[in-house]
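Visitor: Once you have looked at the hints, place chain W on chain F.
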Amino acid sequence: MFDVAVERRLGDAQVRVAFASADGLTALFGPSGAGKSSILNMVAGLLRPDRGRIAIEGRVLFDSAAGIDLPPQQRRAGYVFQDARLFPHMKVRANLLYGWKLAPPESRWMALEEATDFLGIAPLLDRWPRTLSGGEAQRVAIGRALLSGPRFLLMDEPLASLDLARREEIMVVIERLRDELRLPILYVSHDSGEVERLASHIVRLDGAC
Amino acid sequence: MLLTPDEWEVIRLSLRVSGVAVGGMLPIAFGLAWVLARTRLPGKLALDALVHLPLVLPPVVTGWLLLLAFGNNGPVGRWLEAWLGISLMFRWTGAALAAAVMALPLMVRAMRISIETVDRRLESAARTLGASPWHTFRTITLPLAMPGLAAGAVLGFARSIGEFGATITFVSNIPGETRTIPIAIYGALQVPGQENAVTRLAVIAVVLSLLALAASEVLTRRGGRGSGLV
Numbered sequence: 029m030f031d032v033a034v035e036r037r038l039g040d041a042q043v044r045v046a047f048a049s050a051d052g053l054t055a056l057f058g059p060s061g062a063g064k065s066s067i068l069n070m071v072a073g074l075l076r077p078d079r080g081r082i083a084i085e086g087r088v089l090f091d092s093a094a095g096i097d098l099p100p101q102q103r104r105a106g107y108v109f110q111d112a113r114l115f116p117h118m119k120v121r122a123n124l125l126y127g128w129k130l131a132p133p134e135s136r137w138m139a140l141e142e143a144t145d146f147l148g149i150a151p152l153l154d155r156w157p158r159t160l161s162g163g164e165a166q167r168v169a170i171g172r173a174l175l176s177g178p179r180f181l182l183m184d185e186p187l188a189s190l191d192l193a194r195r196e197e198i199m200v201v202i203e204r205l206r207d208e209l210r211l212p213i214l215y216v217s218h219d220s221g222e223v224e225r226l227a228s229h230i231v232r233l234d235g236a237c
Numbered sequence: 009m010l011l012t013p014d015e016w017e018v019i020r021l022s023l024r025v026s027g028v029a030v031g032g033m034l035p036i037a038f039g040l041a042w043v044l045a046r047t048r049l050p051g052k053l054a055l056d057a058l059v060h061l062p063l064v065l066p067p068v069v070t071g072w073l074l075l076l077a078f079g080n081n082g083p084v085g086r087w088l089e090a091w092l093g094i095s096l097m098f099r100w101t102g103a104a105l106a107a108a109v110m111a112l113p114l115m116v117r118a119m120r121i122s123i124e125t126v127d128r129r130l131e132s133a134a135r136t137l138g139a140s141p142w143h144t145f146r147t148i149t150l151p152l153a154m155p156g157l158a159a160g161a162v163l164g165f166a167r168s169i170g171e172f173g174a175t176i177t178f179v180s181n182i183p184g185e186t187r188t189i190p191i192a193i194y195g196a197l198q199v200p201g202q203e204n205a206v207t208r209l210a211v212i213a214v215v216l217s218l219l220a221l222a223a224s225e226v227l228t229r230r231g232g233r234g235s236g237l238v
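Protein chains in written order, with the working numbering: chain F, 29 to 237; chain W, 9 to 238.
Just chain F, same shape as in the assembly (with noise of 0.2 Å):
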């Protein structure tokens, strides 16, 4: 599924990372700083890597030696982030359409009530993004990336933000994403029992490297 070897210079960090995995939920596991985060914006194609080859179930993202490189907005990444950066401008509805949208009619696979129902969030739809709870925005966050259609997902320490209980709502979100859509999930964590419970493949990452 993912198959990412790349390194990038950050500052006086160099952030290395090489590893291949097959279905369901790999996570990147590691203390802060370890660029972890880095890994997944080189992946979405945010930072480029200073060399390597990032292929996902066999389509090229990038490859600094053949020069393959392709811009975000062309690598069909449905990327949730810690902070769920909903746009404060647009409604819920307009935020959960803005990437279907723009996605080509053939590669979308989610109707906006299909979204709605899966994270249950339909009462929100009419509502403006500062008036969500943190696990609310965090549930539009993840409808909005699956409505974009997306043939993988990346997601930076969707957690991180969330009190308990939200925690476990959050969490069950990601199991049925891994077991009943089957996505390739690239999932960021430093917490061991969140990676231990979700994860079906995990790459450890040490401090700077």
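Don't take every hint at face value.
A few chain W residues that don't get close to chain F, going by computed Cβ distances all over 10 Å [to be verified]:
(1) 15
(2) 19
(3) 59
(4) 67
(5) 73
(6) 88
(7) 89
(8) 132
(9) 134
(10) 135
(11) 210
(12) 213
(13) 217
In silico lysine to any residue, SDA-like type, Cα no more than 25 Å apart, as pairs [to be verified]:
(14) F:119 / W:91
(15) F:129 / W:221
(16) F:129 / W:154
(17) F:119 / W:228
(18) F:119 / F:151
(19) F:119 / W:198
(20) F:119 / W:151
(21) F:129 / F:160
(22) F:119 / F:94
(23) F:119 / F:41
(24) F:119 / W:150
Taking CB as the label site, the calculated pair distances span [what the hints assert, rightly or not]:
(25) W:20 / F:155: 41 to 49 Å
(26) F:133 / W:121: 39 to 47 Å
(27) F:188 / W:20: 42 to 50 Å
(28) W:39 / F:51: 29 to 37 Å
No lab work stands behind these hints, which were simulated from the structure alone. No residue lacks a Cβ here, since even glycine has one placed at the ideal position from N, Cα and C.
Guide: Structure of chain W alone, referenced to chain F:
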């Protein structure tokens, strides 16, 4: 208070000069604000200083520099005359140019701050959702920066309406052509017995300024409605 035809002429001219000044300067000010806020140009500091020059120079000096550059014997003025048949000297277009130059620093400052406050992480999110850089700019950056951009435009408009020193130096005081409100007030002050005219023009200036202030307030409020990152 009923206005005389002369007063109407002064108001119309002021609005036209300021409208053209701000409208014409808007894309330039936005471009400069963008460069200053988002790029790492080597000469950024010098550009920043140049943009702010009209704010710190005596307006008379700015007017004189405009005269040197855009006057009929100036390098730019001669070029405009020869190739486009345009002369800015003693014309309302010259007044608009002076007002635009004086308004530029204020517009760039407000716009730069509003561009800087747009959370770039939201732009990254848009990119991963399939938006091209241009679509991201149109749907995320521009709407989020809009209150500040509008405030910058209103500020520039207010500054243009009040512009005096550079204008009178560059294009003098010609009725119907370059006699804007401040210049008409100054002209009336030079003539004994015109106190009444001065008062009326001053009231007009106050009203226009208050309207501009109210407009900027409304624009800022409206923009603030959905803001705040969640």
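Visitor: Of the hints given before, which are not true for this structure?
Guide: 8, 9, 10, 14, 15, 19, 22, 23, 27 and 28
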